[in-house]
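Protein chains: 8
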Amino acid sequence: MADDGIWNVYLAGEIHSDWRRRIADGVSEAGLPVRLLAPVTDHGASDDVGVEILGLEQEGFWKDHKGAGVNALRTQTMLRRADVVVVRFGEEYRQWNAAFDAGFAAALGKPIVTLHDSGLTHALKEVDRAAMATAQAPEQVVEILRYATVKE
Amino acid sequence: MADDGIWNVYLAGEIHSDWRRRIADGVSEAGLPVRLLAPVTDHGASDDVGVEILGLEQEGFWKDHKGAGVNALRTQTMLRRADVVVVRFGEEYRQWNAAFDAGFAAALGKPIVTLHDSGLTHALKEVDRAAMATAQAPEQVVEILRYATVKE
Amino acid sequence: MADDGIWNVYLAGEIHSDWRRRIADGVSEAGLPVRLLAPVTDHGASDDVGVEILGLEQEGFWKDHKGAGVNALRTQTMLRRADVVVVRFGEEYRQWNAAFDAGFAAALGKPIVTLHDSGLTHALKEVDRAAMATAQAPEQVVEILRYATVKE
Amino acid sequence: MADDGIWNVYLAGEIHSDWRRRIADGVSEAGLPVRLLAPVTDHGASDDVGVEILGLEQEGFWKDHKGAGVNALRTQTMLRRADVVVVRFGEEYRQWNAAFDAGFAAALGKPIVTLHDSGLTHALKEVDRAAMATAQAPEQVVEILRYATVKE
Amino acid sequence: MADDGIWNVYLAGEIHSDWRRRIADGVSEAGLPVRLLAPVTDHGASDDVGVEILGLEQEGFWKDHKGAGVNALRTQTMLRRADVVVVRFGEEYRQWNAAFDAGFAAALGKPIVTLHDSGLTHALKEVDRAAMATAQAPEQVVEILRYATVKE
Amino acid sequence: MADDGIWNVYLAGEIHSDWRRRIADGVSEAGLPVRLLAPVTDHGASDDVGVEILGLEQEGFWKDHKGAGVNALRTQTMLRRADVVVVRFGEEYRQWNAAFDAGFAAALGKPIVTLHDSGLTHALKEVDRAAMATAQAPEQVVEILRYATVKE
Amino acid sequence: MADDGIWNVYLAGEIHSDWRRRIADGVSEAGLPVRLLAPVTDHGASDDVGVEILGLEQEGFWKDHKGAGVNALRTQTMLRRADVVVVRFGEEYRQWNAAFDAGFAAALGKPIVTLHDSGLTHALKEVDRAAMATAQAPEQVVEILRYATVKE
Amino acid sequence: MADDGIWNVYLAGEIHSDWRRRIADGVSEAGLPVRLLAPVTDHGASDDVGVEILGLEQEGFWKDHKGAGVNALRTQTMLRRADVVVVRFGEEYRQWNAAFDAGFAAALGKPIVTLHDSGLTHALKEVDRAAMATAQAPEQVVEILRYATVKE
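Protein chains in written order, with our numbering: chain P, 45 to 196; chain Z, 45 to 196; chain C, 45 to 196; chain D, 45 to 196; chain G, 45 to 196; chain U, 45 to 196; chain X, 45 to 196; chain W, 45 to 196.
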């Protein structure tokens, strides 16, 4: 909860479905005192940001390294400022960065909400164990935020 | 003391008497720069929130577990943001969550005020020892907040 | 895990049953690399230590306050050094100090194991939620320690 | 570096190849002042530990939850004690717990070494960015440990 | 520096001379972005606050204890929020609380400015050593604040 | 990111070129939610501030010591408040204070951006390794800030 | 409590009476697992250590500054390692360093025992409030340490 | 001071003169309870360690980056474990890593001793200000360590 009474909620993980928009819509409709934070969700821009700004690389490893640095500057700042961290896992990709963000948040003592289908339950058991809640739909996350921020 | 000069005061513990309202009234009448924070005080809603939002459970243990997670997401965020933590113990129930909140606040270095009748003194000696003040009436808490925030 | 490879395990809570001895026996029989720490479990000595060492008090509140200070000097040092905190709740007394210790440990990021009968489940839901495991028998705690310290 | 001059090195991640043994052999042959720590690597035991010790569950989610709690009690203690955290990613499974451990270590300021084949480079870019070194073979990790601990 | 760009400056120590007013006047005249914080400077009110609010005590020790608790609730909150801590030592009284506040601030990593006559130099050498500056007049403190907050 | 959604960016290092102005211009033109912080960049004023405010010194060492204290009061406060720390190294002077600021920021877990010509790469390898990005032109820093703060 | 089961107890404050020896004798006679730490108690050596090792100074302020730096290197290291901090106040001198050490220890969350005659009670109320116990004789401190370290 | 009563002293900075050996000889001759820690002082090995262990790089920047990572794994672990950090600046090279280490140590609250000729005083004023002592000869550092560790 920020000093203005608004909660900073960081939405980590999957960038290929509309879950962030659905949470944003729910928060907006409910008029919750919540500020949503997120990584850059334009996949191409995120992959290329390092070489775009700082110069080309020949090796893929270093191209990725540069890009990951610029993204981490953003995401770690947001993670440190967040009151709640929501981490979404989808079916595609390995999404190790989502799990990394969850571990980072856990070590900082941030409350975590995981969001994923039940088919991923066993694979995500360590991450879910570190969470205060595990949801399957974005609307459930909105309900949790409503309960946390304005329920009396 | 938040950056806007307002103190965040978290009111932990008993939810079955009017002590929070009496403190709120006192703070309001005195015009103190205090933002009161609290857990959800609707007992039924608090007990059921886990299964309400995240789906039914057959086992009471897991129903409680789910609900406690959603409540902890709220209370731990508020505890971490609080400048002062007031912890109220009543005659009913075992109120282990109130003592838990007090221990949590103590380890974070937050100043604690305990609020309870003198009949509970011996049972609460460890918690009272960790507090900066032990009050018996909500109005005393208001006076402490007045002294802390606006007395010159 | 201390630098000598030994785990410091603090046994908080109830002092009127033999649960600490049963854990100590189990740890000893299994030859686990575990150093058990505990508060003073002699109830009378614990209650009187303040006035015994530092002088009599007329008011019960201050007698308790003195005693709680000396006990806290011991218990908070042990809590800070512990790798794992086991918290036992029994049927007798309100045991607010046990819940306080659990909250203190939780805020420090220490893994907690709670130990209590199933009849206390609802009352302890917030404390159990903060724990890595909830056991009903001391022998289960020994098994957890065996798994944590020597299982390959 | 522990007080006895020995470095605690936690080996996180994949449990289905012989990478831990190869590091252990290398450390042993070189006589390095290194104490290797690891999660339980018996997959079945790790999956079942929760219900084995604490009682059966009907729901897979809660069975996993119980097991993950007992495992986390071990792994988070070791992570907090570690001087260096090596995180291995293999081809099989999603290994979100490995990425979670890496994020946890990063937030604690622990130096990380990642270990994986070059084919995983792009998928692991965020984790590799948080690491001090990225190796492809266990023997390279041994060389890093040799350099860190005994090279003059 | 608070999020609104204003610096919180805590003025600890002596309450029997006009040094706080002189700093306040200087800050005001210079229009500095500084919020001045202070303990209660009404000596009688400060001494009596414990028993005034929480009930009379027979023993002077416990009267002082109660009062010191309420004052600490205020001062430690302000110390934790302060960007800069100014500590004033005068000729009268032993002022152990001023030195205590300085030690508290030092351990939190807060920059300290000490303010005292040159006659106290040897007695205050440990406190001065922990300070970023040692001034003899309040106007010097104002100049330091001007330099820190608005000088380009 | 401050509670008002604005990022505090501290610009450490070289004070003899126009790099800070170029970043300020870029931030301003792009309308970024960024608050730029900086040490005093008037070299003479910075060198003399100690003796100017606190009295003359005969020894150069103590003149420097006094001045460095007043400057550190400003810079360490800003470093602690910063979300991002940009550190500029130029060709002139040894600039040990810039590297000191970088180390200070690194230990606090702040994301760092280094800014220097490629000729300094080898000499700055340890500082660059601790940075999330290494830029050669102020305009690249502006692009990084744009990406971090407003890119969607 | 150190990893070898021994408690580090730092004895701060007065260096002109035999209180440290009396505690040392008591600890030794009782065979307590306690390692006693202390500042240099040779007053002359302590005052002169800065100029003795690092070269003469003309100004008393800087002579003191140098000496206080070397002493702080010792005392702050010991304070950070201490499990318990005993702070002794005597009748002579202003002893601001003792109160500074107490404040430093308090902010670090170290349990404090104060030791002084009852005549100093009012002047030391803030320091005593931060302590877990206030003793008047060294033998009482030994009893507290016995209770904390070996009582069952 | 480690749990075995030995102080960990990290010797940062210049690797081209015999200052570390002179401190080691002094410590050894005096029989001080001090464990000396250091970066790898073989310049070539230090520069090449990254590519030696982890594979060649075409770009100098990335060769340096790899090497600096492996070195940082060692030095940051030692810095975190150190009780005292000695930082040596010589005439050659820019030694930004030495100043970086000093800033890193300062932010962690480690006592620092700087060691350099008087000709570097003005350039090092910020670093010296953060130090508890500034020496010109290694033998002075030995005397400081003797005073800190064994003087009574």
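No lab work stands behind these hints, which were simulated from the structure alone. It is possible that part of the hints are untrue.
Unchecked claim - Restraint-style ranges between C-beta atoms, simulated for each label pair: (1) G:Gln180 x X:His87: 53 to 63 Å; (2) X:His87 x C:His60: 45 to 55 Å; (3) X:Val95 x G:Ala74: 55 to 65 Å; (4) C:Asp92 x X:Val95: 29 to 39 Å; (5) X:Gln180 x G:His87: 23 to 33 Å; (6) Z:Asp48 x C:Glu135: 40 to 50 Å; (7) X:Thr85 x G:Gln180: 23 to 33 Å.
As the list claims (entries may be wrong) - From the derived model, a few chain D residues whose C-beta atoms are all more than 10 Å from chain Z: (8) Gly49; (9) Glu58; (10) Gln102; (11) Glu103; (12) Leu164; (13) Val194.
For each residue, glycine too, the CB sits at the ideal point set by N, CA and C.
These are the hints, each one checked on the structure:
Look at glutamine 180 of chain G against histidine 87 of chain X: about 27 Å separates their beta carbons, and that is not inside 53 to 63 Å. Hint check: histidine 87 of chain X to histidine 60 of chain C, Cβ distance near 52 Å, so the stated range 45 to 55 Å holds. Hint check: valine 95 of chain X to alanine 74 of chain G, Cβ distance near 39 Å, so the stated range 55 to 65 Å is violated. The hinted window of 29 to 39 Å between aspartate 92 of chain C and valine 95 of chain X is violated, with their beta carbons roughly 52 Å apart.
About 27 Å separates the C-beta atoms of glutamine 180 of chain X and histidine 87 of chain G, a value consistent with the hinted range of 23 to 33 Å. Here the CB-CB span from aspartate 48 of chain Z to glutamate 135 of chain C is close to 48 Å, well matched to the stated 40 to 50 Å. Threonine 85 of chain X and glutamine 180 of chain G have their C-beta atoms about 31 Å apart, which keeps the hinted 23 to 33 Å range intact. Residue placement check: glycine 49 of chain D keeps its beta carbon more than 10 Å from all beta carbons of chain Z (closest about 31 Å).
Every CB of chain Z lies more than 10 Å from the CB of glutamate 58 of chain D, the least distance being 30 Å, so the non-interface label holds. A cut-off of 10 Å between C-beta atoms contradicts the statement that glutamine 102 of chain D is not in contact with chain Z; the least separation is 7 Å. Consistency note on glutamate 103 of chain D: stated as away from chain Z, yet its beta-carbon is not over 10 Å from all of that chain's, at 8 Å minimum. The Cβ of leucine 164 of chain D lies farther than 10 Å from every Cβ of chain Z, with a closest approach of about 33 Å, so its non-interface assignment holds.
Once the 10 Å rule is applied to beta carbons, valine 194 of chain D is consistent with being away from chain Z; the minimum gap is 39 Å.
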